[in-house]
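**Student:** Each chain, letter by letter, is given below.
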Amino acid sequence: MIFVHVLLSVVGALPLSPERIDARLAARWEPAVRAAPVAPLPTLLRRISLDLTGSMPKQADVQAALACALDLEGLIGRTLESAAFARHWGRVVARWLIAQPQIYQPVANRSLGYWVERQLAHHEGLDAIARELVSAEGTSVDHPGISYFLQFREAPENLAGHLAKTFLGAQIQCAQCHDHPFEKWTKADFAGFMANFKEARVTQWPRPLVDRLLAGERVTPEQAMTYMPRYVRAGFTANSAAARRVQDTMDRLAVLIGAKTGASGSTGVTSVAAHLAAIGLPRESTGSQTPQTVAFVLDRPDEPEQNRRMMKAAEPAWKTASPRFLDGATPPHAGTRLRTQLATWMTADHHFARAMVNRVWKQLLGRGLVEPVDNLYHPDDIMPYAELLEELSAGFEAHHYQLVWLVRTIVQTQAYRRVAGPARGTYRFQHALVRPLFPGTVVRAMLEGTGGSNLPETADREATLTDQLATVLAPSSGNGDSQNFTIQDALYLMNGPVVNRVIPANLAAPAETDQGVNRRWVQDVFLRLYCRRAEAAEEDAALKALAADRSGTAVLWPILASVEFWSNY
Amino acid sequence: LEDIMKRSHGIVTTRRAFLGSSLATVLAAGWPRLLSAATLQRSPRPRRLIFLYLNGGPSHIDTFDPKPGTRAGGPFKAIRTALSGHSFSEHLPRLAERAGDLVVLRSVTSREGSHERARYLMHTGFSPIPGSGFPCVGSTLSNQFFDRSFALPSYVCLGGTGEGAGLFGPEHEPFVVRRNTDGKLPYLAPFGGVSDAALAARGDLTRTLDQRFGARTDPDLATRQGSVLDRASRLMATPLTAAFDWKREPEAVLKAYGDNAFGHNCLTARRLIEAGVTCVEVELDGWDSHKHNFTTHADLCQKLDPAMSKLIDDLKERDLFSSTLIVCGGEFGRGPSINSEEGRDHHPACFSMVMAGGGLKRGVVLGQSDASGDKPVGTSVSIPDILTTLFHVVGIDPDKTYQIGDRPIRLGNGGKLLKPVLT
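Keeping their order, the protein sequence lines are chains A and B. Heads up, the first sequence is in the numbering used here, so the first residue is 1 and it goes up one at a time. Heads up, the second sequence is in the numbering used here, so the first residue is 570 and it goes up one at a time.
If you are wondering where the hints come from, they were derived from the structure by calculation, not from laboratory data. What you are looking at is a predicted structure, and each value in this text was computed from that prediction instead of being measured. No residue lacks a Cβ here, since even glycine has one placed at the ideal position from N, Cα and C. Treat the hints with care, as some may be off.
Residues of chain B placed beyond 10 Å of chain A at every Cβ, according to the derived structure [to be verified]:
no., residue
1, H655
2, A825
3, G855
4, S891
5, S941
6, S949
7, L991
Below 20 Å or equal to it, Euclidean Cα-Cα: the simulated SDA-like pairs (lysine to any residue) are [stated by the list, open to error]:
no., chain 1, residue 1, chain 2, residue 2
8, B, K985, B, D968
9, A, K187, B, R976
10, A, K184, B, R976
11, A, K544, B, S764
12, A, K544, B, Q780
13, B, K860, A, M228
14, A, K544, B, R781
15, A, K184, A, A321
16, B, K860, A, R233
17, B, K753, A, G496
18, B, K753, A, N495
19, B, K988, B, V934
20, A, K544, B, A769
21, B, K860, A, A234
22, A, K58, A, C68
23, B, K860, A, M225
24, B, K860, A, T226
25, A, K187, B, S701
26, A, K544, B, G762
27, A, K544, B, P759
Here chain A stands alone, though its shape is the one from the complex:
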C-alpha cells in the first residue's frame, strides 16, 4: 500500500498531459469504437462558456469562432481566472451539497453557492473548502456554509451518509439500519462515523433575538425565551438546566460574532442586515430557510444532546458509539473538536481527491469515470478507468486541490472536445454527451441570449427566477443532478409571461415582410441563442412561423423550448 502511494505521488508530480488522459481512455476502446471528431469551434465555445461560467459566450467571440479566428486557449485561461468562473462553480459545488433539492435548492442558489464562490475566488482548494464546511461553527449570518447542516436538523443520521457519499464516494447510508449487503460497511461503521457529529448542535432562533445579540446587548435567558414559540417556552424556568443552556449558547455566539467582526463584546451594529454589511456579505447570502430565523451550529463536547425528535423510543446507536473514521482509525487528539479532526482526516484520505475528481469529470463530460458517481468503493477490476482516476487524483492533490487546474486539464482533452453523440449503449467517452443545463443556467442563457437590458440586477433576482423555474413550476424528483422538464415547464415556456413578454422586448421581429431582412433576423436570433447559424430547414420553418405571427415570440419560444437550448452539447 505504501509502495502504491509512493508511486502515485511520483506519478502525480509528473505533468499529466491531456494527451495522456486521452491515451488512457483510448486504451479501453473495443475495436468497434470510433472516436468522434472534435466539435466545430462555435459549438466548443458555447460548451466551454456554459461549463466554465454558466453563461452564453459573448457575441464577438461567437463571430470570431465562426470566422475561425478565436484564440480558444487564451479565452479558457482568462475565463478560469474570472469572477464568473468562481461564481458558477460556487453553485455547482453547492449543488453537490444539497441533500433535498426540492426544499433546499434555493439554499444552493443563494447562501451555500455564494459561500463556495467566495472560497474559490480566494483560490482556496477543494480540500480547504471541505474542511471549513465540515468543521464550521457559527451562525448562518456570519457563515453561509452553515446552511449545509440545516438540511439535517430533523434527521442528523442523514448527515453522515451524505457527507461520506459526497466527499468520499462511500455509500454508508444503508448501514444505518443493517449491515450493507454488497459493500463492506457495517452498522458499527455507520454509528462510529456518525458519532463524529455527536457534539454538534444545529439550532434556529428567531431573527429579532439574534439581532439583539449581534448588537452586543446583554440578554437574559428569560428575555431570550420571550422570542421563542410558546410551546418551546412551556415549562421553562429560571436557573434550570434549559436556562443555563440558553445562556451558554448566547455567550458562545457572542464570542463567535466578536471573532468574525474583530470586536470584543459589542459589534456596534443593530441588525442582521447591518451586520452583513459590516462583514461584507450581500443580503442574499443569509442561509436560513426562513428569513425570520437565523441558524447556527455549535459544538458542545461536554453535554450529551437531548433527543429532540418527537418520537424515538430508543436512543440512536451513534449517540453512544465511539467516534471512528471510515478507515477504522479513531480521532487522535483528545480535547480537540471531533468535527475538526474528522475534517482533517477526511480531506487527507485517498478517497477525497478521487471523489472530487470524479464529480468534476462528470460535471464536464456528463458521466463519471466511476458510476454511480458517489460509490468509489468498487474493486479496481470493475472500474475500467481506475488508473486514470488515480493519476488525475494524484495530480489534483499535487496541485493543492485547485479546481482551476482540474477543470483546465479536463477541458483540454479530446474527450471533452468531441462532437456530441447518443448516450445509449456502452459508452467509452468516444464522443461528448448531451447534458441538461441547470435551471439557473437556462435563465441566464435566456436573459443573456436575448439582450443585455433584462439581465438580473442582483444575484437574488436571478435566484428568484431560477426558483420559479426549478421549484415553483414543477417539483423535481431524483437527486438534483438533473432537471426534469415537465409538462408544466413546457406550458410555462409556451404560454407564460417570461418568454412571451419579458424576453421578446429585446428581440423584436422586423416590421417589414422583406424575406432578406427576415432571414438576417432569424440568423441573428440563432447566433444569439444557439451560437450557430440556422440550417436551411430550420430557417424555412422559422420564416414560416414568422409569417404566421409577426411577433418575435414566434421564433423565440420554439427555440427556448427546444432540447438544444436547454442542453450543453
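Put chain B on the given structure of chain A with help from the hints.
**Tutor:** Leaving out everything else, chain B in the frame of chain A:
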C-alpha cells in the same frame, strides 16, 4: 362528461391546427377513456385512487377516534355513527352517517414525528434518504397504468404538491395545481391571443428544431423532451381539461361539496376521475394545531366532512365507487395531552386513517387505541401496511422490486396486507 365534450367542441376546433391533428384524432384519444367507467365496473380491481391528504397531522381524538369523558378527549362531543358501537367527532356528522361505507383504521403508527419526514413516509412508504428517489404512491399508480394516448396527466395534485416520481421519471411527476380558483389551468391558453395558424407554425418549428438537433446528437433525448412538449400541446388542445373546471357544476353540487378550496378540489377530483385520471391527490392543509387545536379542527372538519361525504355519494351515484379507492389521513396524529394554549402536539405513535371504495369491505373498524388515544391496543398498522394493502387493492404487486442504485426496494416496503378490510 358527454356534457363536457359537447361544450368543449369549440376548444377542439380552434386548437386543431396547432395539434396538427383532426377532431377525430382528439376524440379517438378521449372517447375510449370516457367510456371506460362502464368497463371498469367489470374489472375485479379498482384502477383509480383519490388521496385526501390532511397536511399537518390531524388529531385522531378530535376526528375519527373520539375519547368522550376523558381528560384527553377535549371539549368535542362524540356522535353515533352508522356503525354500532363506534362514534366520530361531533364535527363529522355527514361522515358518521356514511360510516357504513368506510374502513376506519384506528391503530396506525408512523416511524416519523416531524412533518417533512412523516409526509414523505406517508406518500412513499419509506423514510427519506437523500438522493434515494423512492416514488410516491400516485407516481407508482401512474407508472403502472400509464396510457400514452390519454391527454390528461395521470397523477394530479390539487391544493398541494404531493411527492416526486423518483425512479419512475418525469412522465410520472405529479401535475401540481396549487390553486384552482376559477376552474382554469394556468398557462393553458396561448399568451396574448395567438392565432391557430401561428400556434401550428410554432409547433412545426419546435419539432423541426428538435428533430434536427436529435439527428446531430442524441435522438433519444430529443424524443423524450419532445414527448413532454407534445403532452403539453395536447393538454392545450384536449377538451378533457374541462374536468378541471368545477365551476361548470350546478349550484347545488357546489354547495354540497362546500364553497371553499378543498370543496372545489374534491369536486374537481371527482371530475378528473370521471375523465379517466388515475390518481388525484387533494390536500387540506392547516392541521398542525400546536395552538388552538379545537377551533382549528372544528373549522377544518367543516370543510372535510361535506366534501368527502359528497365525494362518496357522487362516486356511488356514478357507479365509480367500486372502481375507485379513497384514502384519507395525515402524516401523523396529535397527542392526548392538551397544552397551555389549547394545542396538541405531534403524535405518530397512534392515529387514525380512513379508506373507502373498491376492493374494500364496507363498514369496518380495524384496530383500536387505548383509553386516551395514546397507543394502539393490540396490533398496530404501519404506513407500509397501508401502502401494501393499497397496492394490492388496485392490482399492483406490493412485493414488486425495483433497483435504486445498488439497493433493491419493494414497492410496499415489506408491509403486511390488512386482510380483514379486503373484500
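**Student:** Confirm or reject each hint.
**Tutor:** A quick look at each hint next to the structure:
no., hint, result
1, H655, "27 Å, holds"
2, A825, "31 Å, holds"
3, G855, "17 Å, holds"
4, S891, "30 Å, holds"
5, S941, "16 Å, holds"
6, S949, "13 Å, holds"
7, L991, "29 Å, holds"
8, B:K985 to B:D968, "10 Å, holds"
9, A:K187 to B:R976, "16 Å, holds"
10, A:K184 to B:R976, "14 Å, holds"
11, A:K544 to B:S764, "14 Å, holds"
12, A:K544 to B:Q780, "17 Å, holds"
13, B:K860 to A:M228, "14 Å, holds"
14, A:K544 to B:R781, "17 Å, holds"
15, A:K184 to A:A321, "19 Å, holds"
16, B:K860 to A:R233, "13 Å, holds"
17, B:K753 to A:G496, "14 Å, holds"
18, B:K753 to A:N495, "14 Å, holds"
19, B:K988 to B:V934, "13 Å, holds"
20, A:K544 to B:A769, "10 Å, holds"
21, B:K860 to A:A234, "12 Å, holds"
22, A:K58 to A:C68, "15 Å, holds"
23, B:K860 to A:M225, "17 Å, holds"
24, B:K860 to A:T226, "17 Å, holds"
25, A:K187 to B:S701, "19 Å, holds"
26, A:K544 to B:G762, "18 Å, holds"
27, A:K544 to B:P759, "18 Å, holds"
Every hint, counting from the list given before, is met by this structure.
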